[in-house]
Amino acid sequence: MTPNAEHSTRQPSRRARSTAIFSGVTAATLSLTLATPAAASDSLADSTLSRVKETQVLKVCTTGDYAPFSHREDDGEFEGIDLDMAASLAASLGASVETVPTSWPTLMEDFTSGKCDIAMSGISIKLDRQAQAYFSLPYQTGGKTPIVRCEDVDKYQTVAQINQPSVRITVNPGGTNERFANEFLSDATRVAHNDNRTIFNNIIEDRADVMVTDAIETQLQASRHPALCSVHPDAPFTFSQKGYLLPLGDNLWKAYVDQWLTQMQGTGEQAAIFEKWIKG
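Residues 20 to 299, numbered by the numbering used here, are exactly what the sequence shown covers, in order.
It is possible that part of the hints are untrue.
Calculated pairs, DSSO-like style, for lysine-lysine (alpha carbon to alpha carbon, straight line, at most 30 Å) [to be verified]:
#1 K145 - K298
#2 K145 - K295
#3 K134 - K72
#4 K72 - K298
#5 K72 - K174
#6 K134 - K145
Keep in mind the hints are simulated off the structure, nothing from the lab. Bear in mind that the values here come from a model prediction, so they are computed numbers and not experimental data.
Throw the hints in and build the complete structure from the sequences for me.
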């Protein structure tokens, strides 16, 4: 979806605001956009599902740099929405979680090489990723929107306002934020920053003016940093959904994860986890 150069001032409905944070099972899914590969596994013995139950360990690839989904603390422990979701999935199988650190530039290589059973880190559903792995049902819907110093909110409402040589944008490499910047903000001055956990300090300390990232992240960071404000998070520039990466061809594992996720959404357990990490 190409973002509009001029952003509409129309206020979204309550339903639209809610959908921007939580997506239910009625969201359009990308569950099986590819034809089932010849090597697809419909045998329980060959499935990740069987291995996790037998070993009682769920290996989860996660980046640890993307709050509120995955954040790595100074002591090395991972926390966030997706770590709580991983604990729930593991518990449903009588297993425990083993975190496997990864990064956005190496995410797909790490996952497809078999380092983990599932990747859970606020991962946007993209067709190039879908070509290499299955995605679960979507569990969050949102899009890219700016975060700026609060006094600059009116200056950076549109892509056209941001995409100027005089505007300093800060970008973390390897993920969808960099893709957005490459496609739509090529005229802006780039301030690269490799650590997504500290990247927002570039704006606070006036080394950059804008970061364009997922609306849910801008809302969280604005709540943590009084100097920062999220710009129209309820009406982002783009549309995107997040899902969990699963091994390509493992149909039984995908079916299990999708059913677990459907129940998490239907019972309200997922909503409670989101509430805890966004507003708690």
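Hints versus structure:
1. Of the supplied pair hints, the one linking K145 and K298 holds, its CA atoms being roughly 28 Å apart against a limit of 30 Å.
2. Simply put, K145 and K295 have alpha-carbon atoms about 27 Å apart, close enough for the 30 Å limit, and the pair holds.
3. Straight-line distance between C-alpha atoms of K134 and K72 comes to about 17 Å, which keeps the hinted pair within the 30 Å bound.
4. Restraint check for K72 and K298: the C-alpha separation of about 34 Å exceeds 30 Å, so the hint is violated.
5. Only pairs whose Cα atoms come within 30 Å are accepted, and K72 paired with K174 is rejected, the gap being roughly 53 Å.
6. Straight-line distance between C-alpha atoms of K134 and K145 comes to about 21 Å, which keeps the hinted pair within the 30 Å bound.
Hint compliance for this structure: hints 4, 5 are broken, all remaining hints hold.
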